[in-house]
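Trainee: What follows is the residue order along each chain.
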Amino acid sequence: GAVVSQHPSWVICKSGTSVKIECRSLDFQATTMFWYRQFPKQSLMLMATSNEGSKATYEQGVEKDKFLINHASLTLSTLTVTSAHPEDSSFYICSASSSGRGDEQFFGPGTRLTVL
Amino acid sequence: GENVEQHPSTLSVQEGDSAVIKCTYSDSASNYFPWYKQELGKRPQLIIDIRSNVGEKKDQRIAVTLNKTAKHFSLHITETQPEDSAVYFCAASYLRQNFVFGPGTRLSVLP
Chain A
1 GAVVSQHPSW VICKSGTSVK IECRSLDFQA TTMFWYRQFP KQSLMLMATS NEGSKATYEQ
61 GVEKDKFLIN HASLTLSTLT VTSAHPEDSS FYICSASSSG RGDEQFFGPG TRLTVL
Chain B
1001 GENVEQHPST LSVQEGDSAV IKCTYSDSAS NYFPWYKQEL GKRPQLIIDI RSNVGEKKDQ
1061 RIAVTLNKTA KHFSLHITET QPEDSAVYFC AASYLRQNFV FGPGTRLSVL P
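Taken in sequence, the protein lines are chains A and B.
Residue 116 is where the first sequence ends in this note's numbering, and the numbering goes up by one at each step.
Residue 1111 is where the second sequence ends in this note's numbering, and the numbering goes up by one at each step.
Quick caveat, the hints were computed from the structure, so don't treat them as lab data.
We treat Cβ as the ideally placed atom computed from N, Cα and C, and that holds for glycine.
Any given hint might turn out to be false.
With a straight-line Cα cutoff of 25 Å, these simulated SDA-like cross-link-like pairs (lysine to any residue) come out [said to hold, decoys possible]:
#, chain 1, residue 1, chain 2, residue 2
1, A, Lys41, B, Ser1028
2, A, Lys41, B, Leu1110
3, B, Lys1042, A, Asp88
4, B, Lys1071, B, Ser1026
Here's a subset of chain B near chain A, in silico, CB distances under 8 Å, partners left out [as the list claims (entries may be wrong)]:
#, residue
5, Gly1001
6, Pro1044
7, Leu1046
8, Phe1089
9, Phe1099
10, Pro1103
Calculated from the model, a selection of chain B residues having no Cβ within reach of chain A, i.e. all distances over 10 Å [unchecked claim]:
#, residue
11, Ser1012
12, Ser1018
13, Lys1042
14, Arg1043
15, Asp1049
16, Val1054
17, Lys1058
18, Asp1059
19, Gln1060
20, Ala1063
21, Lys1071
22, Ser1085
23, Asn1098
24, Val1100
25, Gly1104
Only chain B is shown next, with the shape it has when bound in the complex (with noise of 0.2 Å):
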């Protein structure tokens, strides 16, 4: 099945800089990314997807990248902001179907 990792684990970055959070997968069939934000105690939101036909997306200071024949996607967060705090996770899917989370990255913007 499906393995996805994430890296890292915990990022913390100046109000200002840039982050960047990196998955891996295993399956090659794997063609929806989707990223989302959960804030503590509040459910996922989809921040940015990817299709596997597009190898860049941007949506104002956030952007997705994906590489698929390395079998990676990464998320780019621009002038980062304390609200950008919070954990980060990536999926991928195949049809809609067997999402698989990568594990998390919690991402601290620090004043």
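Just chain A, with the same shape it has in the complex (with noise of 0.2 Å):
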């Protein structure tokens, strides 16, 4: 159990659009999800930490408007990449804990971005 699904798991798009990445946790509710960006070679950075209900909180030097995320659901987060640029190329990657599966954190397979 605890499966993390991401999609699309690799999008290209212009410079100046919006992209949308899903991160579901497939079967378990997610009471927390979490937004990463990895870049290669590189470690994971915390982007920021949603709950169920309520806005998300980011961490700092992570721009509010330019990284929208959305937790409608507790089995649904949503990333929108907005008027992407090329330097918003990487790795995202989610993951998803539950209060009732203890700290562990499940993390979906990524989702890579390149912006042209």
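Put the two chains together into one complex; each comes in its own frame, and the hints tell you how they fit.
Mentor: Here it is as structure tokens:
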């Protein structure tokens, strides 16, 4: 159990467009979802933490208006990269945790975003 | 905020030897310390974790130790195998929020 999916797995878009990434917990209800960004051969950088039904908490340096996060249900969180630019190209990974499953985070497979 | 450092950045060991990766954290309020293994092109997978009320935890060939006073924790892998080759990340968290990851250690197990 504890499967997290992400969609799409890879997206290429033009500069200036917006891209939405979905993160779903398939077999459990996620009270908290996390969004990370990972550059090649680097660590995961937490962007924001979202709890179902409330506004996301963004890490310092992450633009709220640039990276819109919605956690409308216990199984779905979305990250929208607005007006994407080439520097937004990265690997975005979500994770989900549940109070019923302790503190463990279950990671999605990631979404590779390439902005041309 | 929390700052997590991790050493070494790369580690090569012979198959069968032990590997040790160390992490330090700065925020004494952090109370949960997971370790993740990430193989190339794959998602991070939790391999072991420890809470601040425990000093050591073992799971077969993997063990984690925590020194709260010194604010450091270590991952120990014994009898390493080629399939242990991956990037390992430590992390520190308080109440399951604000996970901060270390920069990672690339472990290579040489046959």
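Trainee: Can the hint on B:Gly1001 be confirmed by a CB-to-CB distance to chain A that is less than 8 Å?
Mentor: Status holds, d = 7 Å.
Trainee: Please verify that the nearest CB of chain A lies beyond 10 Å from B:Ser1085's CB.
Mentor: 15 Å, holds
Trainee: Taking only the CA atoms, is the gap from A:Lys41 to B:Leu1110 under or equal to 25 Å?
Mentor: Holds - the C-alpha atoms of B:Leu1110 and A:Lys41 are around 20 Å apart, at most 25 Å.
Trainee: Grab the minimum beta-carbon distance between B:Lys1042 and chain A and tell me whether it stays above 10 Å.
Mentor: Label violated. Min Cβ-Cβ 8 Å, cutoff 10 Å.
Trainee: Would the least Cβ to Cβ distance between B:Asp1049 and chain A come out above 10 Å?
Mentor: 7 Å, violated
Trainee: Test the statement that B:Arg1043 is away from the interface with chain A: the closest C-beta pair must be farther apart than 10 Å.
Mentor: The claim is violated: B:Arg1043 sits with its nearest Cβ about 4 Å from chain A, within 10 Å.
Trainee: Given the hint that A:Lys41 pairs with B:Ser1028, does the C-alpha gap stay at or below 25 Å?
Mentor: It is violated: about 28 Å lies between the C-alpha atoms, which goes past 25 Å.
Trainee: Is B:Lys1058 truly not at the interface, in the sense that its beta carbon sits beyond 10 Å from all beta carbons of chain A?
Mentor: Given a closest Cβ separation of 18 Å, the condition holds.
Trainee: Measure nothing beyond the straight line between the CA atoms of B:Lys1042 and A:Asp88; if it is 25 Å or shorter, mark the hint as holding.
Mentor: 21 Å, holds
Trainee: Is it correct that the beta-carbon of B:Lys1071 has no partner in chain A closer than or equal to 10 Å?
Mentor: It holds; B:Lys1071 is separated from chain A by about 19 Å at its closest Cβ, greater than 10 Å.
Trainee: Check the non-interface label on B:Val1054: least C-beta distance to chain A beyond 10 Å or not.
Mentor: 13 Å, holds
Trainee: Holds or violated: is there a CB of chain A closer than 8 Å to the CB of B:Pro1103?
Mentor: With a minimum Cβ separation of about 5 Å from chain A (threshold 8 Å), the hint on B:Pro1103 holds.
Violated hints, listed in ascending order, are 1, 13, 14, 15, 23, 24, 25; each of the other numbered hints is respected by the structure.
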